[in-house]
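Novice: Listed below, chain by chain, are the residues.
There are 2 protein chains.
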Amino acid sequence: MKFYDCKTAPSPRRVRIFIAEKGIEVPAVQVDLAGGEQLGAAFKKINQDCTVPVLELDDGTHLTEVFAICHYLEEKFPEPALLGGSATERALVVMWNTKIESNGLAALAETFRNRAKGMQGRALTGPDDYEQIPELVDRGRRRFELFMGKLDRQLQGTEYIVGDIFTLADISALVACDFAAWSRISIDDAKADLRRWYQLVSARPSAQA
Amino acid sequence: MKFYDCKTAPSPRRVRIFIAEKGIEVPAVQVDLAGGEQLGAAFKKINQDCTVPVLELDDGTHLTEVFAICHYLEEKFPEPALLGGSATERALVVMWNTKIESNGLAALAETFRNRAKGMQGRALTGPDDYEQIPELVDRGRRRFELFMGKLDRQLQGTEYIVGDIFTLADISALVACDFAAWSRISIDDAKADLRRWYQLVSARPSAQA
Numbered sequence: 087m088k089f090y091d092c093k094t095a096p097s098p099r100r101v102r103i104f105i106a107e108k109g110i111e112v113p114a115v116q117v118d119l120a121g122g123e124q125l126g127a128a129f130k131k132i133n134q135d136c137t138v139p140v141l142e143l144d145d146g147t148h149l150t151e152v153f154a155i156c157h158y159l160e161e162k163f164p165e166p167a168l169l170g171g172s173a174t175e176r177a178l179v180v181m182w183n184t185k186i187e188s189n190g191l192a193a194l195a196e197t198f199r200n201r202a203k204g205m206q207g208r209a210l211t212g213p214d215d216y217e218q219i220p221e222l223v224d225r226g227r228r229r230f231e232l233f234m235g236k237l238d239r240q241l242q243g244t245e246y247i248v249g250d251i252f253t254l255a256d257i258s259a260l261v262a263c264d265f266a267a268w269s270r271i272s273i274d275d276a277k278a279d280l281r282r283w284y285q286l287v288s289a290r291p292s293a294q295a
Numbered sequence: 087m088k089f090y091d092c093k094t095a096p097s098p099r100r101v102r103i104f105i106a107e108k109g110i111e112v113p114a115v116q117v118d119l120a121g122g123e124q125l126g127a128a129f130k131k132i133n134q135d136c137t138v139p140v141l142e143l144d145d146g147t148h149l150t151e152v153f154a155i156c157h158y159l160e161e162k163f164p165e166p167a168l169l170g171g172s173a174t175e176r177a178l179v180v181m182w183n184t185k186i187e188s189n190g191l192a193a194l195a196e197t198f199r200n201r202a203k204g205m206q207g208r209a210l211t212g213p214d215d216y217e218q219i220p221e222l223v224d225r226g227r228r229r230f231e232l233f234m235g236k237l238d239r240q241l242q243g244t245e246y247i248v249g250d251i252f253t254l255a256d257i258s259a260l261v262a263c264d265f266a267a268w269s270r271i272s273i274d275d276a277k278a279d280l281r282r283w284y285q286l287v288s289a290r291p292s293a294q295a
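Taken in sequence, the protein lines are chains A and B.
In this text, residue positions in the first sequence follow this note's numbering: the first is 87, and each later residue adds one.
In this text, residue positions in the second sequence follow this note's numbering: the first is 87, and each later residue adds one.
Bear in mind the hints are in silico, worked out from the structure with no lab data behind them.
Any given hint could be a false lead.
Since copy identity is lost for identical chains, a pair holds within one copy or between any two.
[To be verified] Subject to a maximum C-alpha distance of 25 Å in a straight line, what follows is the list of computed DSS-like cross-link-like pairs (lysine-lysine):
#  : residue 1 : residue 2
1  : Lys131    : Lys277
2  : Lys203    : Lys93
3  : Lys131    : Lys108
4  : Lys162    : Lys203
5  : Lys236    : Lys93
6  : Lys131    : Lys236
7  : Lys130    : Lys277
8  : Lys131    : Lys93
9  : Lys130    : Lys236
10 : Lys203    : Lys88
11 : Lys277    : Lys108
12 : Lys203    : Lys131
13 : Lys236    : Lys162
14 : Lys108    : Lys130
15 : Lys277    : Lys93
16 : Lys131    : Lys88
17 : Lys277    : Lys203
18 : Lys162    : Lys88
19 : Lys203    : Lys108
20 : Lys203    : Lys236
Let the sequences and hints guide you as you build the complete structure.
Specialist: See below:
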């Protein structure tokens with residue numbers, strides 16, 4: 087296997103943490119997103135959507151999308167389980183991971199990519215150019231702030247997002263909270279359970295990945 | 087189990103087709119989205135995100151998000167497999183389903199919800215109100231048209247989206263193509279492989295679900 091990564095970007099970090107939690111070694115190649123390497127002809131042969139992470143399998147298959155990569159790694163390296171331990175738990179991990187992607191990470195990307203000067207004309211990832219839409223900056227921020235409230239309520243009485251086991255849902259939410267700092271969004275004091283959880287998951291060695 | 091459905095909406099249709107392909111019976115309850123039932127106190131106890139589909143399990147767990155529900159049903163009713171037959175195939179189904187959600191269905195929702203008069207103040211699903219952003223109408227259309235080109239290229243030389251087996255990726259893409267008609271977006275003649283595939287999957291009895 088080979089892992090196409092970018093040390094500074096949130097999406098591949100989710101896979102880096104997943105790999106660190108599994109305790110496996112996957113050779114990584116850094117893709118220079120700031121320099122536009124993902125838009126060049128060479129990288130388009132690996133992923134025509136011009137995004138990282140990508141996991142190249144030994145048969146040459148290129149897997150893109152964080153959850154697809156993690157789903158594959160979970161099957162190949164089942165221990166420790168990071169997608170849940172029963173059918174219901176696995177479905178709840180999928181459910182929470184989906185919510186964190188669509189209401190958390192996507193909202194933050196909206197705020198970041200529609201404001202940053204370096205993202206002019208690049209408001210969406212991928213090979214096609216899209217102009218920035220300034221209204222999305224505040225909308226994304228509001229969505230993420232409301233979503234943090236939802237996470238805080240979910241964490242009342244449970245150690246992790248899906249009950250008492252650390253899963254991909256926690257990885258995705260941790261990366262979202264750290265990505266939020268790029269837009270100067272932080273967890274306010276009123277969200278005591280979210281703050282407690284953030285300290286807990288940030289202290290794991292894998293969070294350094 | 088109990089299935090919270092809405093016969094007119096695209097997201098629960100994906101689960102209806104999945105259930106029909108499995109050949110199982112799940113008692114369904116219709117939620118009146120047009121009448122705003124999803125925003126009422128009774129439904130918020132079932133899903134605080136105010137969306138359908140929801141699958142209620144016998145232990146009272148409420149699963150939301152299409153892929154979480156399908157993941158659960160696949161584990162409980164493995165035949166016929168609709169999420170792939172090997173670790174690589176399953177990862178490719180997850181990958182394509184994710185792309186169809188984020189670049190296909192989400193783009194169409196952007197076009198539809200930011201234009202329809204009935205969606206004023208309701209540009210995003212969920213309990214919180216968001217104003218329409220007119221620029222998103224055209225952006226969503228462009229994104230979906232480019233995405234159809236991508237699907238057409240993927241289908242060159244394969245019967246279904248992931249090789250030669252019908253999967254959730256086909257269900258999601260079929261529902262997206264039919265949802266596109268709401269915004270008068272259709273598959274143009276140049277996309278011969280996408281048209282061939284659309285005829286094939288639309289002819290399955292489950293497409294009536």
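Novice: Okay, which hints does this one fail, numbers in order?
Specialist: 3, 4, 5, 10, 11, 12, 13, 14, 15, 17, 19 and 20
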